[in-house]
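Given the sequences, and given the hints that come with them, work out the whole structure.
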Amino acid sequence: MNITPDGDPVVVKDYDQNWPDLYKQEEKRLHDALGTAIIDIQHIGSTAVRGLAAKPVIDIQISVDNLAEALSHLQQLETLGYQRKLPDANIPNLFLCKRVSDHEHNYHLHIVEESSDEQSRQIVFRDYLLDNFRGAQEYEALKRAMAEKFPDDRSAYVDAKTAFITLALALYKT
Numbered sequence: 000m001n002i003t004p005d006g007d008p009v010v011v012k013d014y015d016q017n018w019p020d021l022y023k024q025e026e027k028r029l030h031d032a033l034g035t036a037i038i039d040i041q042h043i044g045s046t047a048v049r050g051l052a053a054k055p056v057i058d059i060q061i062s063v064d065n066l067a068e069a070l071s072h073l074q075q076l077e078t079l080g081y082q083r084k085l086p087d088a089n090i091p092n093l094f095l096c097k098r099v100s101d102h103e104h105n106y107h108l109h110i111v112e113e114s115s116d117e118q119s120r121q122i123v124f125r126d127y128l129l130d131n132f133r134g135a136q137e138y139e140a141l142k143r144a145m146a147e148k149f150p151d152d153r154s155a156y157v158d159a160k161t162a163f164i165t166l167a168l169a170l171y172k173t
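Residue numbers for the sequence shown follow numbering that gives the first Met the number 0, so the first one is 0 and each next one is one higher.
Bear in mind the hints are in silico, worked out from the structure with no lab data behind them. C-beta atoms are modelled at their ideal positions from N, C-alpha and C, and glycine is treated no differently. Possibly wrong hints are sitting among the right ones.
Said to hold, decoys possible - Beta-carbon label-pair distances, calculated as ranges:
{"id": "1", "residue 1": "Ala67", "residue 2": "Ile164", "range": "33 to 43 Å"}
{"id": "2", "residue 1": "Lys84", "residue 2": "Ile164", "range": "16 to 26 Å"}
{"id": "3", "residue 1": "Ala169", "residue 2": "Glu77", "range": "35 to 45 Å"}
{"id": "4", "residue 1": "Tyr14", "residue 2": "Ala169", "range": "32 to 42 Å"}
{"id": "5", "residue 1": "Ala144", "residue 2": "Ala169", "range": "34 to 44 Å"}
{"id": "6", "residue 1": "Gln75", "residue 2": "Leu170", "range": "19 to 29 Å"}
{"id": "7", "residue 1": "Val157", "residue 2": "Ser119", "range": "13 to 23 Å"}
{"id": "8", "residue 1": "Asp31", "residue 2": "Ala140", "range": "37 to 47 Å"}
{"id": "9", "residue 1": "Pro8", "residue 2": "Ile164", "range": "20 to 30 Å"}
{"id": "10", "residue 1": "Arg143", "residue 2": "Gln16", "range": "17 to 27 Å"}
{"id": "11", "residue 1": "Ile164", "residue 2": "Thr78", "range": "32 to 42 Å"}
{"id": "12", "residue 1": "Asp15", "residue 2": "Leu79", "range": "16 to 26 Å"}
{"id": "13", "residue 1": "Gln16", "residue 2": "Gln136", "range": "32 to 42 Å"}
What follows is the structure, encoded as structure tokens:
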């Protein structure tokens, strides 16, 4: 068994009406802590799509002018309860932090450079799901099936969704 990095199983839950409010509360906390270091802040990921089942993780993307400079704010993020996660070597211009708020919801903070491919990719995919009801339904079915198939292997769960996301991005950008 390959346990997920945070030790929690991959579980996809029905949409929670509280997710938008949880995002707004966290957005305020982040703005209060980081101020002008933030160029843009967005609710991304499945919890940003009303009605879509998701892992109970509020994904937040902060765009900054310079990633190296933004990393100087790690102490403020730690004060808010965020823990540094190693950046993904395959995705330049991305830094991740995780905050566990309770046993029901977690927060993942994606810090990206303004105008980077990763910044636009996350927003475009979210907007695709918001604008495409059928696509959102297909994605939800895929996520549920993959969570059932790979409950203890987050990497396999993520990899199994890659083809769908790649196709959706290609279709939506054109």
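Hints, one by one, checked against the model:
1. Ala67 <-> Ile164: 33 to 43 Å: 28 Å, violated
2. Lys84 <-> Ile164: 16 to 26 Å: Cβ of Lys84 to Cβ of Ile164: about 20 Å, so the range 16 to 26 Å holds.
3. Ala169 <-> Glu77: 35 to 45 Å: The hinted range 35 to 45 Å holds for Ala169 and Glu77, with Cβ atoms some 38 Å apart.
4. Tyr14 <-> Ala169: 32 to 42 Å: At 26 Å between Cβs, range violated.
5. Ala144 <-> Ala169: 34 to 44 Å: Check failed, 22 Å falls outside 34 to 44 Å.
6. Gln75 <-> Leu170: 19 to 29 Å: Between Gln75 and Leu170, where Cβ atoms are some 39 Å apart, the hint is violated.
7. Val157 <-> Ser119: 13 to 23 Å: 19 Å, holds
8. Asp31 <-> Ala140: 37 to 47 Å: Distance hint for Asp31, Ala140 holds at roughly 39 Å.
9. Pro8 <-> Ile164: 20 to 30 Å: Holds - the Cβ-Cβ distance for Pro8 and Ile164, about 22 Å, lies within 20 to 30 Å.
10. Arg143 <-> Gln16: 17 to 27 Å: 19 Å, holds
11. Ile164 <-> Thr78: 32 to 42 Å: Once the Cβ atoms are compared, 33 Å apart, the range 32 to 42 Å for Thr78 and Ile164 holds.
12. Asp15 <-> Leu79: 16 to 26 Å: 22 Å, holds
13. Gln16 <-> Gln136: 32 to 42 Å: 19 Å, violated
Violation of the numbered hints given earlier is confined to hints 1, 4, 5, 6, 13; the remaining hints are satisfied by the structure.
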